[in-house]
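A.B. asks: Residue numbers (numbering that gives the first Met the number 0), protein chains in the order written: chain Y, 0 to 102; chain F, 0 to 1188.
Calculated from the structure, these hints are not laboratory results. The structure displayed is predicted, hence computed values, not measured ones. Treat the hints with care, as some may be off.
Pairwise CB distance ranges (calculated) [as the list claims (entries may be wrong)]:
#1 Y:28 x F:144: 54 to 60 Å
#2 F:286 x Y:32: 56 to 62 Å
#3 F:251 x Y:32: 31 to 37 Å
#4 F:286 x Y:23: 50 to 56 Å
#5 Y:32 x F:144: 40 to 46 Å
By construction, the Cβ of each residue, glycine as well, lies at the ideal position given by its N, Cα and C atoms.
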Amino acid sequence: MGIFTQSIEVDCTPAGVPIRMRWQGREYRLAAEPVRWFERRNWWTEELRAERGRGPGLVDYEVWQLQVKLAGVGPLRTFEVSRQADTGRWRIIRMPEAYRESA
Amino acid sequence: MSFTHLHVASAFSAHYGVSWPKDLVSAALADGADALAITDRDGLYGSVKHLKACIGHGIDPILGVDLAILEPPPHPAPHGKPPPMRIAGRIIALAKGHSNGAGYAALCHLVTAAHQTTTPAGVAKPSVGITREELATHALGPDGEALLTILLGPGSDIGLATGHRHYTQARTLLRTWRSLLGASALRVEITTHLNSPGEKLSTAHAIRMLRCATDVGIAPVLTNAVRYADPDGAATADVLDSARALSSLETLNDIQPNGQGWLKPAEHMHHLATEIARSASNTSLAATLLRNTAALADWARLDPIPDTGWSIPVVPEAHIIGITGNPENELASRAEAGITRLIPAQANDPLMRHRLEAELSTIADLGFAPYFLTVAEVSSMITRLGIRSAARGSGASSLVNYLIGISQVNPLAHDLLFERFLSRDRATLPDIDIDVESARRHEIYREIFERFGSERVSLMSMQNSYRARGAVRDAGAALGMEEEDIDTIAKQLWRFSASSFREALEEKPELAPFADRLGTEKQLDLLVDLTERLDRLPRHISMHPCGVILSDAHLRDRTPVEPSGISLPMSQFDKHDMDPMGMLKLDVLGVRMQSAITYALEEIQRLHPDAQAVAKAGGHRGEAPGEIPDYIGPNGAIDLALVPLDDEPTFELIRSTHTLGCFQIESPGQRELIGKLAPREFNDLIIDISLFRPGPMKSNMVKPYLENRHGFAPEKYPHPNLAPALAETHGVTVFHEQVLRIFDVMTGCGLAQADVYRRLLGNPHAEPAVEALFRSRALGRDYSLDVIDEVWHTLAAFGSFGFCKAHGAAFAVPTYHSAWLKAHHPEAFLAGIWEHDPGMYPKRLLVAEARRMGIAILPLDINRSSPGYKVEKLDGLLPPAQLPVVPRAAGAAPPGRYGIRLSLRGIRSVSEREVLRVAAGQPYDSIADVRARSGLGRTSLNHFAALGAFDSLQARTGRGNRADLIEHLRAPAGRALPQRYRPIPGQLALPLGDLDLANMAIGAAQTPLDEVVRTELDLMSIDVTAHLMESRAPLLRSLGVSHSADLLGMRNGTEVLVAGVRVATQTPPMRGGRRVVFISVDDGTGCVDATFFHEAQQRCGPLLFSTRLLLIHGLTRRTGPRGIGLQALDAWDLSEKSTLPDPGHLSDPARARNGSFGSSAARPVREAERSLAARMAAEDLDTRGYLGA
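The whole structure should be built from the sequences, with the hints applied where relevant.
C.D. replies: Take a look at the structure:
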């Protein structure tokens, strides 16, 4: 599987659930319920500080798996995206198909 | 929208939970919750704190526990011992509420059962846990209704099976649970931490659990398996996971999958329910989950008073304490009997009568008569065992306590106030502490269990929490740092809480080398952060050093117990839980000094078996010449309780400040204070002890007191009305009792209410109201504003610090007794001190003290040494080379007649069994005899030889020296005789002489002195033959080092070098917040107490707390007519020869100067001398009552 840190735009419902995304200038619509989970970080190797009161985002980060179709009609593609805790920007962290395609 | 969390671990789940109960309750409350559960691992450790927080905030508490399930292995061995049990997941058990305590009692009994070391069938358990069958017996009441509800969550056997996708197994297991407990006592706990799809604690895992529950017909409930109040706690939980597994984070298997185990708000929980339902493709499930959860929460809501016995004091039943009638009448008649026994002369004294009536009526109103009778029962039980005891603390304020034999202090004689101890305005059970001989404390515990029945008694526990050192070690281990590296850092941490680690790094010079590495070494910043995170978190519980809980036959319904270190059951509750739970706690404190005193008294009696001999040896004189004082019994037994408290030689000894070994007054600071205060009577000792406390030190009460006492300044009273209350301390407020009187005099509030106000002083929320009330009432009684201001200022500064005079009085008794013994029977006293080691100093310092007292230290001897330290009469008269420095009572036996023989105990790697066998076999007539009968192992035999224990045997044959014998014994020993050839008891050995010694090769060089000393230090931790510093004498001479004994003759402010072995380090509380470090070193001629102020600390850095042998450069500092100390300027590690200064350092212009850190080093020394006193006073660094030299 390929690992990316490309930026991407994601629109969410007021409850914070993604509904559509824009990537490389194109708009993708969700073709299935998004799935989310929290993935662990090895913060003790990645971070310089772990002070008390630092808040969420040190130990894990939220990942959304989005199954989308280009403009709602293209082939089904899967993106795993995450919102950065500090900047609020979204990044792609995995594209399972990219790996399959390049293999 | 609301949600009740039913699975919550608090910080009291050691090495697991992160947040304190009160923080969890606050977080739940902030989210609008009206109930919250606490389900700590393995116990109810945090339950009382949880109850308190819930009651305080008006929400319903729910109590439960998180326990491991134990089961036998699948294929039991066909015969033989039952195989060990194994752990089959963990469950949560919740107690039923509104059941008049039935649910809570079942929970307590379940936890107690889980801590038994074997199952009811006698199978050993690998760890704390419970079998399913035993769980069922606790969960279901007599008629089968559920008293506990069991939650089977992701960590249970069902959860583990579904986690591994063993669906059939999961259903089978759940059916087994159902047949055991019935569906009504069971729930399946659905939890998702939103872990990666398919993993444990993922939503997929939750759905598998949900399907299993539906299939078997068990109701599912939703929880979040909480470990921390907010997401910030997740990193702390990681570190705790690492500490629990003793593994670094990097290599940890059992780490939480992510950081989602926090107390999520209701909104989040509802979302999770929806998310689970959607993934399970059954949207109605969300509502079911939430409804089931709410229903279970309602079932488990506790009504604290009927369910847990909250706040209702419980004492043993009347028949247990041996009374049949009305307890109040019983108490009154016992007090009456006490009057006849103790103070017959005052039987009709109206003052005493009035006091007694007032006390008895207060006790009756509070319903505490059974409590007093219970404590009296314990007290008389201790006396019956023949154990020294003394009540300490505010209990000494009560006349009733005195009359019924609980306390030995007559409160009327010392003007102590009952209201400080107990009043109608305060309905908590009072504290009565009993000091007993430490050596026999456990015996008393066992007797209490025996006497009251083990169902009514339990030991109290205490929580051991992370302090700086432990925290830094576990944080470092989590980060995978080198052990050696962590160790270096940990050793430099000295008395500050881990939560201020980063701050400490900036301020404390001994941490400077570490601070310099911050920012450059990546892990160190993390180390500091993690150390701060761990601060104060509980690590484990242990037996409280003195608390015993006494209750009625239902104690086990109200507290779970677990085995303690001494095999008696111990409650899971600590001292903070006692009052809230209405538990009667008795503090039975082991005081080593009491044991030392007992030992000394026994030695006196052994050496001088009749009254005449004791009086002669101790210089005790009665009224008339030749009369024996009445405190000496005909058999030579001394009754200290009858010794008058005005013995002049005792006060002379105290004033000499040679008080090493004396209770409470042996520390450097106390010796200095004693020197300045110069006590003349018993009340002075009470004041001395009360002044040497953080409160008086911080609020600068010592200096004005001393000035007034010695007449340097006129006594001042804010108002003449206060003079009666303050006269005994010359106008300075020292005692709680005085604060009570001030409140009473100026506001007319009564002493009982005054004590309520006193307790509110220093409490930021309550103090303003007290101030307002004080001011308005005092104004109303026509006190001027100035007077009110001044008095309030004193009261506020006093805070809650000051000291209860009753405490001081109770403490002063053993202080006086120990000084009395040191003055009259120094040898016996010192033997007692060595035997029981009650003080702050290492034993080796007392060797030097023995030399100063003119007492010989007699070497270890195979025939003359006993298991304990014994006083021995010396053959002939061996007067010491010089008169002893430490004064003795006039008329007591002169120095040089007695010595103390080193004991068989306390030698490295010699076991207690060997000690007893050696002693039983004495005397020995040859080395061969020792080998044959003493039972000493090879190593022990060599150690004995190295310490010269066989010198006397060798002297008889006149062959060889100690080195020859050591060499001889090192060779392989001949085989011991077979049993049948060994002499039978009573049979005499054939007098062959000492074949060992006769055949031993001789001619080895005499062992050099420094090697002898090193061996002694190594094996006994004391240097007997010569002082440790003696071998360094040439080096020290070349440096021009002064001796401790010579300092007293020097002018104040003389610049000197001293050297010695560290014997004590203290960082007492100081006004102004700047830390002062006191280091005492011993150089063989005495102790030098060196004071390191800020600048000297900066210079010495890492040496401050870790170096054993110190060379110190400083200025002498008069502390009183008999006292001198050192203000340190610089210090070196004596064992690091290369870093030591050159000879002539004292005239080196570059040396450190007082107040001249850095540039102004050229300032003349005279300047430093003159400024010393003033500077310390000006900086408020020395608040120990500086008087001017």
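A.B. asks: Indicate, hint by hint, whether the structure satisfies it.
C.D. replies: Consistency of the hints with the structure:
Distance hint for residue 28 (chain Y) and residue 144 (chain F): a CB-CB separation of about 56 Å, consistent with the stated range 54 to 60 Å. As the Cβ distance of residue 286 (chain F) to residue 32 (chain Y) is approximately 19 Å, the hint placing it in 56 to 62 Å is violated. For the pair residue 251 (chain F) and residue 32 (chain Y), the supplied restraint of 31 to 37 Å holds, since their beta-carbon distance comes to about 34 Å. Taken as a hint, the range 50 to 56 Å is violated for the pair residue 286 (chain F) and residue 23 (chain Y), whose Cβ atoms sit roughly 42 Å apart.
At about 43 Å, the beta-carbon gap between residue 32 (chain Y) and residue 144 (chain F) stays in the expected band of 40 to 46 Å.
In summary, the structure is inconsistent with hints 2, 4 from the numbered list given earlier, while agreeing with the others.
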